[in-house]
Amino acid sequence: MASLLSFLNVSKRYPDGGREVLVLDRVSLDVDAGVSVGVYGARRSGKSTLLRLAAGIALPDSGTIRFDGRDIAQMAGGERGRLLRGDMAFMCAADWRASPGETVVDHVATSLGSEGLTLREARRRAMGVLDRVEIGAAGAQEPTTSLSAAESVRVMLARALARNPRLLVLDEPALFPSLRDRDSFYAMLRTAAGERSMALLVASEEMAALKGFKVLVSIADGELVSTEAQGTVVALPGRRRAGTEWPGR
Amino acid sequence: MRGPSTPLRGALLGLLLERPGHGGDLANRLAVRLGETWRVDTNDVYRLLEQLEKTGLVASRDEPKRNNNRRTHLVYYPTEQTPEALTMWMETLLPREPVRLGLQAKLSVARQQDAPRVLIALKAYERECLVLAQLVSPTDGSARSWTALCMDCTREAVSAQLEAEIVWATRTRRRINEFLERSQ
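Residue numbers (my numbering), protein chains in the order written: chain H, 1 to 249; chain F, 1 to 184.
Hints are computed from structural coordinates only; laboratory data are not their basis.
Each hint should be verified, as a subset may be incorrect.
Stated by the list, open to error - Okay, the calculated bits of chain F under chain H, using three or more residues with CB under 8 Å as the criterion:
1) 21-27
2) 114-127
3) 130-137
4) 153-165
Note that beta-carbon positions come from the ideal geometry of N, C-alpha and C, so glycine has one too.
Sequences are here, hints too, so could you generate the full structure?
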């Protein structure tokens, strides 16, 4: 089966002063439809770069990234934009900006503008997804400026879910004030993904946050190590050569 | 033979390739290389050297002690097979051996030409930790009972350990890569 999202030998460099830093070095990764992939890595390990490339927000220097078989780098800018408003959702918890005067339900409903819905229909759908992230009717009428950190992440999730994406790319939702908030967010995320057969590509610097993900990947120094053999085959050349003693036994 | 001294066999070969030595000297050198936490047992070292000699990976000669010419002790030397055995040990992870200890032992005597093998071993170890992390099941976010909390904290202990192992392995890979870049 073809993957929903695939990275093949993807490299990315960024200028750093007078030199270039290789952030990703020929990485390969597959995200199959409906499968959750957790990316674990320290700060500045290249997690965010990997996710921004997946979402087509940044483009690779070499290698190919395909979504649903189509090369993201070959798409026109507008097409990549449509992809991010349709089959794929990108969410970065650090990007949360409240809009003064906007209610929570309208914040979610306005993101559905491109779907040809009336405002009333959009609000109804928004209420449905807000309910899934445990923000009830009263909370939905609150202004976005009144949300706590944990609530704002849930509203972002609702906004991402509202368009029924096939893949949700989620960068570091580590802004939770308590572990309980974090765990309930991840439980919501897993449930929502399971119900919709939505694939997940989630980066975190906390291993504990990625419990229950089907595939785990670690990223460091531009390289990926994955629990899936594909893309990151780590061969252990541990065969004994005939006739040579070996001190391990 | 298993147990914590198994990884030391390979390390002894590495030390002997650097220079020959008697058992006590090798035990001291190992202790310096591996640090306080290993508690290298001198008797273990003598036993391991005897075993290695039986398999032809080291050879010994009775030589007079430096400070007392009337007494002798066994001084161990590498054999023709030692370099290749060390290389093979570098590229091998034993499933039964405590992997991190094995890796530490390898690192302690690794030659620069072993860098590719050490990097592969580190990646394999990282993958092994990820596979174990996958087995840690998530908690239902709504579980609020004391029992659920305790179970969850137990799982977090596993995650935290694996996380620390991965951090160590990735950092070590990075340092080796940076060193190789600089020395190119």
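Hint check results:
1. 21-27: violated (count 0)
2. 114-127: With 7 residues close enough to chain H, the hint holds.
3. 130-137: Check passed, 6 qualifying residues.
4. 153-165: holds (count 6)
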